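Protein chains: 4
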Amino acid sequence: MYYFTSDYTEGCTPEILEALAATNFEQTGGYGIDPYCETAALLIKKECGRSDIDVHFMTGGTQTNLTIICAALRPFHGVYGTVQSHINTHEAGAIERTGHKVIDLPTSDGKITAAMIRQQHELYLGDPSREHLVQPKMVYISQPTEIGSLYHKEELEALYAVCRHYGLYLFIDGARLGYGLTAPDNDLTLADITNNCDVFCIGGTKCGALFGEAAVIINPALKDDFRTIMKQGGAVLAKGRLLGLQFETLFTDGLYYKICRHGVELALQIKAAVQERGLGFVTDSTTNQQFIIFPQAMYDELSKQFALAPWEYMDDGRIAARICTSWATDPTQVDRLCNMIRQL
Amino acid sequence: MYYFTSDYTEGCTPEILEALAATNFEQTGGYGIDPYCETAALLIKKECGRSDIDVHFMTGGTQTNLTIICAALRPFHGVYGTVQSHINTHEAGAIERTGHKVIDLPTSDGKITAAMIRQQHELYLGDPSREHLVQPKMVYISQPTEIGSLYHKEELEALYAVCRHYGLYLFIDGARLGYGLTAPDNDLTLADITNNCDVFCIGGTKCGALFGEAAVIINPALKDDFRTIMKQGGAVLAKGRLLGLQFETLFTDGLYYKICRHGVELALQIKAAVQERGLGFVTDSTTNQQFIIFPQAMYDELSKQFALAPWEYMDDGRIAARICTSWATDPTQVDRLCNMIRQL
Amino acid sequence: MYYFTSDYTEGCTPEILEALAATNFEQTGGYGIDPYCETAALLIKKECGRSDIDVHFMTGGTQTNLTIICAALRPFHGVYGTVQSHINTHEAGAIERTGHKVIDLPTSDGKITAAMIRQQHELYLGDPSREHLVQPKMVYISQPTEIGSLYHKEELEALYAVCRHYGLYLFIDGARLGYGLTAPDNDLTLADITNNCDVFCIGGTKCGALFGEAAVIINPALKDDFRTIMKQGGAVLAKGRLLGLQFETLFTDGLYYKICRHGVELALQIKAAVQERGLGFVTDSTTNQQFIIFPQAMYDELSKQFALAPWEYMDDGRIAARICTSWATDPTQVDRLCNMIRQL
Amino acid sequence: MYYFTSDYTEGCTPEILEALAATNFEQTGGYGIDPYCETAALLIKKECGRSDIDVHFMTGGTQTNLTIICAALRPFHGVYGTVQSHINTHEAGAIERTGHKVIDLPTSDGKITAAMIRQQHELYLGDPSREHLVQPKMVYISQPTEIGSLYHKEELEALYAVCRHYGLYLFIDGARLGYGLTAPDNDLTLADITNNCDVFCIGGTKCGALFGEAAVIINPALKDDFRTIMKQGGAVLAKGRLLGLQFETLFTDGLYYKICRHGVELALQIKAAVQERGLGFVTDSTTNQQFIIFPQAMYDELSKQFALAPWEYMDDGRIAARICTSWATDPTQVDRLCNMIRQL
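Residue numbers (the numbering used here), protein chains in the order written: chain A, 1 to 344; chain B, 1001 to 1344; chain C, 2001 to 2344; chain D, 3001 to 3344.
Simulated from the structure, these hints should not be mistaken for laboratory data. Treat the hints with caution; some may be incorrect.
So these bits of chain C aren't anywhere near chain A, every CB distance computed over 10 angstroms [as the list claims (entries may be wrong)]:
#  : residue
1  : M2001
2  : A2021
3  : T2039
4  : K2045
5  : D2054
6  : A2092
7  : R2118
8  : Q2135
9  : E2157
10 : A2161
11 : L2255
12 : A2272
13 : S2303
14 : D2316
Chain C regions said to be covered by chain B (calculated; three or more residues, Cβ under 8 angstroms) [to be verified]:
#  : stretch
15 : 2069-2079
16 : 2221-2229
Note that the structure is predicted; figures quoted are calculated from it, not measured. Using N, Cα and C, we set each Cβ at its ideal position, and we do this for glycine too.
Could you put the whole structure together from the sequences, leaning on the hints where they help?
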């Protein structure tokens, strides 16, 4: 059985294991105050084209999301997200536990547009009982989105312009950012992202690291005391250098891009096979997640050899499933899967 | 410069790096549902002598403390801890962020006694305005304590009896448990601890792992939905197997005890040198942390070659410092330190 | 200008002012431990037909809602409510500040049906990643609803049966309960309500009191330490007797029903005039709130003499407005309003 | 039995009942947007000598404290208070429920001095692990204190200077402010208080109102969105005019001072009798609370006719009790009490 269920089924890119072994008995300071975190932050700042930004490392995605949101908002603030957004669905109420409402917006392609925010926020501003409403203060988006779609440069610039207009923070969750940056139709660099949001994160866990997310804070209003709020939430790793070392490795010699591109290319091979076979998709994706609509019999047959993630049971008996590739995916297995898809 | 500042200055015991390398490309389920976590939990249950307990793995100490306390308490509950307890001092208000008051008790040796709880809790119960007070519901202790002292079996049994009498949960923070279990005067096994508290944790981060704490839940009232509360706090590692693998390694063939004993033995060599030299201690410790009171000049001289952690500046000009050994401490450096102490 | 904008524009039913004056210099205990609260609780228990229930008095609706929800739920629990539910819209995120997600359900008539809960909750139970979801634990409904509609006995019984089946608490917000109990088509007594939910509240503020809500707790699991959680949230009035005295007055000789019926009857006079005139409604209401769809010109004309509450601006240029009557509404003004509606 | 147990045993000063009756059927807007709140705010601003301050009305003391603190602090901030401070002892953990630690300072006379803050805060600032500590951001004091003592002008000015120096907010809880302003040795006007803190409140509940506290916000940084945070905590009264009306009444023609002075004068009569009789006090108080140390037999004898509030059982068998007078205290009963004290 080969797993296409997620992009965190394996360990890490071997360069990281090598770096861990090579530095194991070095003594460093704790809690992220060490040379590896310092170097990793510098590499990321360089890649983002800005030296006036803060970089912090945390171990996981939910932790990173809740820490950033908790740090940015006052108690009565809420955050706009899509109905399917990770913070609205799969974080067990993490944002609510920090006291904040996720104001959910319907969307078909997983994205929030500038127009959606404009319409929704004008309703808020025009409500005479505004003092009795949750006050929206942040827009949360994922790049790529939870269903594999991508924001393009024009969309992001328009969205951020609206956010700035209304005084809303824009937070981009980049848990799978590597698979977005290396998608064939991507037109956003890390520098573009940096210049078009207030805070974002660069995912390591799903992009070749054992674990780890880098939070990048651009807006000075969000920088103060961020480490204390991390600590308060249990989000400071004692041996913080483990995070620094991993991001240093990933951002040296373009490794992050190289290994993520591998995942994207294999996903697009699967996409091509699905298209050849004439099957449909939940949404169009050029990244490492493909949401494919299978006839039940075909899904069952594939499932004998490959683990897929069921996504939705359609009324007509078909089944939508997520197929996830990653930096670790074995091309031979992708070939086998594609052949089965073409032949079933 | 050699660091005696903490027990998390190095990486991990080499067996863990080997296990990581050996399993790196295996595919497993995420979020701690994998064979390594299962095996690690079984090994710990066996060591604790009980199969009816739950074991969960988290990445750090503050995270573990806040998750356990948040899971156990209702909003108006408070937790008794010493004034110096980690949750009262060095977690940036993590417990308060979950909504709970740390009710601090003064102590000179870092320990909470049965008598202290009896006296304090009777005051609470006898207060006619009890409904307006924080309701104490848990006692938090550390083994070893934050200042290196140890609870012995008789003390723990008496304390737990009082807790049961009053319906208080007893939570033992074992961030440095390995250095307690291998102290020469220790008379508590993991099974004894299991039978004398409601929940405790076994520290990995300071005891040979890269990171990781094992939460052991004994009281059935604390078991339900624990994984959901972990997830909600960002305390579920996506590649949870990294935690399972580390604890499996530590609890195979007594490795945990073996490497921690190393740390304790070196600490006791330092203690002996300090005693020979006629210096005093903040408190008597038989574990890996020694709190030593140095004349300023001697402290300054030692600091040229060794990093120590200043603990308290005494009124008489002397300085109390913490010296910390660990599984990773180099005996040669301990020899050098001891020689300097004896000769200065 | 006469106000039909809400049911809290005036002070209180005169019997309450008399009772306040008559008892002003009596000395009583504080915080709701006094003979008036005791008597009021007894009167309410009698009206509910149960002596094994707890009654607590608070000053306002949001306060009552957040206190009940905070007391009932563990941190990862969520509460089902309609999209328009008061807790989801007009409490500024009060429920989220206590850490809980409002899981919003779409509805056209303001009501949650047994079928809706069954469908939604089965989705939750069938989700393989359930541990990563907010755990629904309570259903919140309002009687009458936020848009004036009423639950009937059969509906409530079916809903509560489903709640019991799934282990969900049912909480009925009765901020306007008096106007529901005296609606012509109402078939629920206070005893019926008591037997078909876990907790509910009886509104005083909108039903003749200066202020005050009575929380009635039926489910024993929700009773413990309720007063402490009230105190912790600032919801215990120092001179609690003011609340007891008001509810004693309202529940003596059927005053609560008598004055609320007054409000309902006047609302139905307005409804009849609207129907005669051939105008439509947002939803059918037999209670004190009527949501009427006016042509813009007619709305403007009425607004010269009466304050109405705009509810929604329709795409076709018409305007939906809320007209609210109460225990205090002047019948002469209702006559004038009805005449204008008929003649414009 | 006559009660000297607290200053909230009776209803309100009769002028308030008259005002309620006179305005009962007026129609006004809700939630504190009405002419009475507006007038009351103006009267208070005038008394404070400043027009650039915000005034908000809430129903109770704990509610006011938690709302102000919740509005002012970020999640990792803590608030300095004395060990006996109301927020540290008798609010059931209200401040912790908003997520903040009360950093308790020992004191014998109930007061916090400038020197205490300087010493404590320098320790914080000098701690190398400061990022792991709760960050103090506010100083909370009560005027008069919980044990009846008073801050004088010089003390308050010094304390506020230190607060400004360290960027700490100074919050003065004036639940009994009327009894402080009318104490014979008081040298602080409302204007002085306004100029020497960031936010304070003027107690109504204990000073002649049925209920109500006026929060006065001086520091612009604390003003934004205060009403939304009130609403979110259930602290906005629907018929807010009831609060406005009461404070308008109290601050018209000096009524607040007049009725509070009555309470203080009677307390001082009792104090004089106690001194004549040669009994001691817990602390020296010139306000409406006297903490008197009685021989047990004398306490028992007095308790047959007067309800006193036991405060502390001394080791030598004596008992400290609080005697509280108020705007409502009957001088005849004070005479009787004084006579008994002198003669027993």
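These are the hints, each one checked on the structure:
no., hint, verdict
1, M2001, "holds (17 angstroms)"
2, A2021, "holds (33 angstroms)"
3, T2039, "holds (34 angstroms)"
4, K2045, "holds (33 angstroms)"
5, D2054, "holds (27 angstroms)"
6, A2092, "violated (5 angstroms)"
7, R2118, "holds (17 angstroms)"
8, Q2135, "violated (8 angstroms)"
9, E2157, "holds (30 angstroms)"
10, A2161, "holds (27 angstroms)"
11, L2255, "holds (30 angstroms)"
12, A2272, "holds (29 angstroms)"
13, S2303, "holds (14 angstroms)"
14, D2316, "holds (19 angstroms)"
15, 2069-2079, "holds (count 5)"
16, 2221-2229, "holds (count 4)"
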